[in-house]
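K.L.:
Residues per chain are reported as follows:
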Amino acid sequence: MLELRDFSVVYRAPGGEVKAVNRVNLKLNAGEVVGLAGESGSGKSTLVYAACRLLRAPAVISGGSVSYQGRRAPEPVEITKLHASDLQRLRWREIAIVFQSAMNALNPVLNVRDQLLDVIHAHLKMTRPDALEKASALLDLVGIPRSRLRSYPHELSGGMRQRVMIAMALAVDPEIVIMDEPTTALDVVVQRDILARIVELKDELGFSILFITHDLSLLLELSDRIAVMYAGQLIEIGTAAQLHHEAAHPYTMGLLNSFPSLHGPRRDLAGIPGSPPDLRSLPPGCPFLPRCGYGTDACTGIDMNLAPVRSSSDPAHVTACPFVLPDTPVPERARALVGQPDLEARP
Amino acid sequence: MTAAPLVVVRPAQLMGAPQRAGRWRRLPTKAKVGAILLGIFVLVAIIGPLFVPYDPSYANPAPSLSLHPPDAAHLLGTTVSGQDVFSQLIVGIRLTLELAVLVGVVATALSVIVGVSAAFLGGLWDDLLSLTSNVFLVIPQLPLLILLLGYLPQKGQVATILVLSFLGWPWGARVIRAQTLAIRRRDFVAASRETGESTWRIIAFDIVPNEVSLIAANFVNTVLYAIGASVALAFIGLANLNSWSLGTILYWAESQEALQLGAWWWFIPPGLAVALIGTGLVLLNTGIDEIGNPRLRDANNAIKINGHRQRPADPTPVWQVLAEPRPGRLGAFVHSFSRTSLLDRAQLDRAQLDGAGASRSKGGE
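First to last, the protein sequences are chains B and R.
Offset between the first sequence (1-based) and our numbering: plus 8.
Offset between the second sequence (1-based) and our numbering: plus 1.
There's no promise every hint is true.
[Unchecked claim] Below 20 Å or equal to it, Euclidean Cα-Cα: the simulated EDC-like pairs (lysine to aspartate or glutamate) are:
| id | chain 1 | residue 1 | chain 2 | residue 2 |
| --- | --- | --- | --- | --- |
| 1 | B | Lys210 | B | Glu40 |
| 2 | B | Lys210 | B | Asp148 |
| 3 | R | Lys305 | B | Glu25 |
| 4 | B | Lys210 | B | Glu229 |
| 5 | B | Lys89 | R | Asp315 |
Hints were generated in silico from the structure; no laboratory data involved.
The shape of chain B in the complex, shown without the other chains (with noise of 0.2 Å):
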């Protein structure tokens, strides 16, 4: 479906180079659920929007490929050689977006009916009884009644605002629905409301969903796999349940310790001490080892190739920390670190 090789994206600032996502390799599957996690500024956002052409010209691909292919495409399309009209026509046909803020998506001066029929006259050839009839059927999809077709973004709830995101976002029935951090700002009664919709649409419509966001718990409830970034590299891929019960990578695992799960004993909740490392100039080896407490001089030399989990029996969770395993005790150092909250002295 959607293939990204050795996918580099650097924004060309005047202090340097900042190699905002670097060397990434991740693949997604037709009708899957693919889960991208990682802190803000981890390069999540960078790497989908990229890999759709939709980021402005500081940015710059520096390297790989991101091959799409689908039921409309047979042939592997390379997404880096094509040009702004076919892209034009590749984007939302085949893989559109729900974009992080609803209301600022949403055009505030027309009203959902004309920004539904929009989209659906921008992709389709249709009289426009029948793009109302679709419009109208999009809403239904969502769960929205068709009594709101005339409503402005404004008279809508931040909830319903989602929804009608999504239905946007299914209008012309694509392929792959690229959704960042489309919950974000909602409460988690509607969040649970929204994400149950989205799975219900995804088994109806057979489409692959690339989820992009910092909540790991999430992620572990909706995805067939989650691929963990930190800083603008991938750490970790593999399901939920294998990066539930062993997550093999420190990073990873410091996520999952900064929330609370609902049974089991009461503990003390860590987070992972420290910030990102600039992104301008990483240092050789592990990004993650000033924040690691698993760190050792060896992790200055390692190459952040994602390897097979050695204790794992599937090849397909992969590891950058050629190190740690899943059952690695927790140094004494690292238990000490967690009590301060910022180990760094900010200047």
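Based on the hints, put chain R in the right spot on chain B.
P.N.:
Showing chain R alone in chain B's frame:
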């Protein structure tokens, strides 16, 4: 592996203080050029009159010094009556800038006071103040200026400043009123009010600081207007013709037929000074706009990467495409001097290294 010694975490490995370019270097080019241009004139205005070679009003009776072209003794030549144009110019720049800045300060203060109070007090006050500024807006300015200055008993600097300030505030007031109305409805103003801040404190600490770039641009614009208007008024004789400003130099040059006599050194320097000061102000103004609103910068400026122009609406550029050789030799030559070419070079080298590395790792698999 577990036996390997733990590394000590050094704070320096974490995100260090980024090496930021200086404030000056990050300014838009327009603002830089404008500031330099204006800085030169301000410097001349401040220290110039201390070094003026002659008294600008002293008319040298020597017949050889009437309409003398520029030479070492008189850098910009002399007038018909043997006055030194260079001295007049230096003194004139000071007087004109002085007047313009004072008008700028007074008119901008009026705009801020009227605009902010109209928007913040609302109701009847808003109606009254808006009505006043609208009335001032529709008055044809130049004729009124001529009338007022023509009938005022004395035509000194102060009169001109007062009249120009009196007519120069309504546009600014309107703009600031609109902006204040927008800011007034923001949550932080409501929050200040809830915490019991007084109206004047809210205006001074919550609202006005949010409008600084607008006020600055308004000030620069008003200064520009004051220079234009004062020079125009002096040129038609509505100023104290015994003082030396850029306008009065032009007035005397025109009335004593400098153009017909071919004395270009008499009218070109003051004209050029007005034009350059104006250019500096306009550049500074648009520069300030861009600082306050970075989107303005992005919208106009297509970014050039390795000589390929990238517009904001273009899809994300791909380095493999950009790395193709540039078409023109001259363009490539010129480009090789630019700062971005260093980035391009670094990237080219790295792309080659990456390519080699990628093929090697593929061979290994």
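K.L.:
Compare the structure with the hints numbered earlier in the document and write down the numbers of the violated ones, lowest to highest.
P.N.:
The structure conflicts with no hint, since it agrees with every one listed earlier.
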